[in-house]
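Line by line, the protein sequences are chains C and W. Residues in the first sequence are numbered consecutively from 1, following our numbering. Residues in the second sequence are numbered consecutively from 1, following our numbering.
The reader is advised that the hints may include incorrect statements.
Claimed, not checked - Computed footprint of chain C on chain W; a stretch qualifies when at least three of its residues, placed anywhere within it, have a C-beta under 8 Å from a C-beta of chain C:
{"#": "1", "region": "230–236"}
{"#": "2", "region": "239–252"}
{"#": "3", "region": "257–270"}
No lab work stands behind these hints: they were computed from the structure. Glycine is no exception: its CB is placed at the ideal position from the N, C-alpha and C atoms.
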Amino acid sequence: MWILGPVGFTAPWLLVALVALPVLWLILRAVPPAPVRRRFPGVALLLGLQDERAEADRTPWWLLLLRMAAVAAAILAFAGPVLNPQPREPGSGPLLIVVDGGWADARDWPRRIDRLAATLQDAGRDGRPVAVVQLTDRPLTPVFQAADAWVARLPGLTPLPQRPEAGAWVAALPAGGFDSLWLSDGLDHPGRADLAAALRDRGALTVWESPRPALGLRPAEFVDGAVRLTALRAVAGAEAVVEISARGLDPAGIDRELARLPVTFAAGDRLATGDLSLPPELRNRLTRFEISGVRSAGAVSLTDDSLRRREVALIAGQGEAEALQLLSPLHYLRQALAPVADLLEGGLAEVIPANPDVIVLADVARLAPDEEAALLDWLDRGGLLLRFAGPRLAASDVGRQDEDPLLPVRLREGGRSVGGAMTWGEPKALAPFGTESPFFGLPLPGDVVVTAQVLAQPDPDLAARSIAALADGTPLVTRRAVGQGQVVLFHVTANAEWSSLPLSGLFVQMLERLAVSTRPVAPGAADLAGQTYVAEQVLDAFGLLADAGEMPGTPGEVLAQALVRGPDAANPPGLYAGPDRRIALNVLGAGADLAPAAWPAGVPVEGADAVPEVNLAGPLLAAALLMLALDVLAALWIAGRLRGGAMAALAVLALALPPQARAQDAPADDALALAATTQVVLAHVVTGDARVDELARAGLRGLSRRLFERTTVEPVEPLAVDIERDELAFFPFLYWPVSTAQPLPSAEAYAKLNRYLRTGGMILFDTRDGDLSGAGATSAEARHLQRLAAGLDIPPLEPLPPDHVLTRTFYLLQDFPGRHTSRAVWVEAAPPDAEQVEGMPFRNLNDGVTPVIIGGNDWAAAWAEDEQGRPLVPVGRGFAGERQRELAWRFGVNVVMHVLTGNYKSDQVHVPALLERLGN
Amino acid sequence: MTLAAPLRARAEELGQALPPLLAAAEHLAATVVLGEHGRRRAGMGDEFWQYRAAAPGDSARMIDWRRSARGDAHFVREREWQAAQTVTIWVDAARSMAFAGHRDRAPKADRARLLALALAVLLIRGGERVGLAGSGEPARGGRSQLLHLARALGDDTAADYGTPPADGLAAHGRAVFLSDFLGDLAPLEAALAHAADRGVRGALVQVLDPAEEDFPFDGRTIFESMGGSLRHETRDAGDLRARYLARLAARKARLADLASASGWHLLTHHTGAPAQGALLWLYQALGPEVR
């Protein structure tokens, strides 16, 4: 390879051909383009004419330059140019290829495999023995084999969803000299420096890193009512935005994206956080967060119970009582639970369908039978019913004789008071919690005393059901399992009336232990000890969630260790289910950080900074071909043979461009105004139906000609008007063929149309369905007209009366046929006080021009003419048809006259009176 | 040439669209042919021929009110057609007429022949006698003459540009010359002078291809006449366009001068336009002048 600046050539001797370019220049320059021979009778008129320019005698310089450039590009292309060539010196001796193979490799695994394959190919060509190790595997002394053997094994290499254990491989390295290539994921893992040092001892070490940034996602936390998400990146670079997609099950049970949160890495920052606020129902359905667009287990964070907020329904027995707030049986519960749970309040019938996790009944004694059944059903499905005693429960007879299904124990009549003014004894303190109790281990504050309580009936099971007791041994809290759920009874009130327990911190901790409130975020080793967790779903390195299948259970201690250290081969990341909770084991833990790998000085690092080699042969050849194609066109143009081709090219361009026929593009507004106002112009509304528009245009053309021939109105070629864009004020008259293809106008267009109608414009609506719509029948066009006109300010209408001024503005007409001969033509209704004066042929209607005429006779079709003045559409039959067409034209003339002269003809009814006044 | 049958069919088709054409004779007496006077059929003349019942399509002023007042029906007074006119047609058969500027367009000669024969169909249907100048055959009437005409129209000449015949025009008749008039104008001048001498009036129809009007050529070009007798080479044809158009306009102006000086009508007809317009114009040019 011969390198010239940033470009190298693989076949440099071909460049010698560039010497031939000047010769080519001379040859091409001497040969002018060949003339075209044309037979042309008009040559008799050309004889004797001299050329004024002699340019085409020689090939023009720019054409020469184009051809030279094309040839030069071709020569350069064949010389094999390569941009940023990376000369590789072939090594010798064995080669060890180290692949990290962790989750961070998954983001560009195919690229790594490509790089690996290329290296194996090179090594195979050089005859070097190769060994490939993946650091996530168990350390085994690598065996050097022929490169071909490894090539066959490449498809079997997959990254594992764990961290590469570089340190463990130091001991497994074979002795002896070998070079190594480390395909690194760019992250700093423990032991990396040791392994790098060991490899450098054996021989030269080259590192390849992917330029694609490594991204990670920490587990979501619940902070201040929102889900806080933290994205990590290894290299602090410029500002970047990543999108985090929150996925979960929709109500149909299908996994889909529920929300999306963009978070921004500030420039120079390796951490980006964002808060995602979701309604509790949505939040409780979340299963995982992903950085969208990154295929890596590190970019996926599974959620477990820690994000789930429990729904607690609070129900008090005396909801309507106007008690002080501090006396409210629910006040302390509300205070204790509001930060850690979602509270529901309302009647029992309303909250049970919401399927809350916990229902708290504070001093509720009796329930209606259907409520009780619903509550039992809910309990069977795993609900937790938490009851508090109180005066009502104490006064009732619930659970006295038989065990109430909604109470854990039988109660004694009346209850007891201790330590009051009228009682013996001191208020009772709490006894330490037994080992069987869920409250075991909670510290007892000394100031918690109980002054009154309901008492449990002594039963054989009472001891087993009691989970907290007073110092004298009477049960304070009892519990019983019902179905999959449980009923818990606090034998005191939920407010501070009977005890100071609700005032203490112990109350909150007890609620927490009872799983009433949401658990703290990270379970510690102590929380998990002694339990067995089974993986339900596992993540692979690419971040795809799969069913775990049959996997052995994991002891809680091991899982707790994995939660701290990260997943390993035995405990892949995933969702682990235990006896009463589910725990997500993520690749990145709560405090995880992504640090970029730091390599010792002297280790060449490929990939990250290296500009990739670019083979320039393809682009150069393409450029040469393009220039040759241009040359063909240019040569044709010079020789005058481009006409047909140019037409075709222009036709293609014209097809690609929007139609220019409407002379009303925004910059041409003035042109439109001039065209419309310097002379009378008839205009029609563009409907979007090409056939209708074409016919309307031809119809107005025919009508314009008739007007020109017969009247002093001399219109020019009609215009097409787009009501969305064009100013309407210039046109005295608009023909609007109603087509169902036309969309409803926008609000602005309606405003414009209404202004137009109010200021004296006239629109002739033509539904073109006069053959179909008879008495009462409606066509699609008529219905569309109703929709179109709904937004228009149209006065009351009536069928055109026989004395309307339209019947005599120019011609005397009684029928208004177009292509159809329907008589239903509607105009603005006459004022109700219009009366026919004795002796006058017409009513006295001399104000206003009707703003709309509505009919369905398809007048444009009857008016339509082509350029030569031949009718476009047949009307009727024979002479009768010609007569009908003539009448259609006359109607058109009358309409235009009506528009332009207003009620001049109607005013003529005054002529006798005027003549009389003048003294005739 | 085997064009005769289809050409005639197409000409008949074109001629059917118009009512029978009757050339008004200004010098009626001079052209009356013995035995032809009083043709025993309705037509334009001074003598009463017959009354007939009014039919749809008759205009109101055609109704003879005096006769109609005597009964309930309306009558139209018809007059006898009195004279036959001799019309001589010359169609340029030179090579230049074989030019067609676009492959979709017919050559000019086709159009000229079509017009000529359509006119002949109309004239013969109206009872006129039609002949071809330069064919040596006398002008005749009757349907069989159409066959002769169609056959004679098929002949081509080898000359590059055609020259109108200086003689062979029937005195006081009408004549129609169809050509592109791109060649030398001197023979045309002579022919028109001769025609004026013999009291012949008529129409010149210049049949041009749109390419000849637009000169849509560019670049280095060698122009040759259809026969190859004339040749002009240019390095930039587009550069010549303005001057060519000026010369063409001058040629048309000269033709108009010639026509008006000898009382002829002139029409420039393009093969890109429908033939009907030209035939209509010919009908009006040869028909009675409406005052």
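**Request:** Compare the structure with the hints numbered earlier in the document and write down the numbers of the violated ones, lowest to highest.
**Result:** Violated hint: only 3; rest satisfied.
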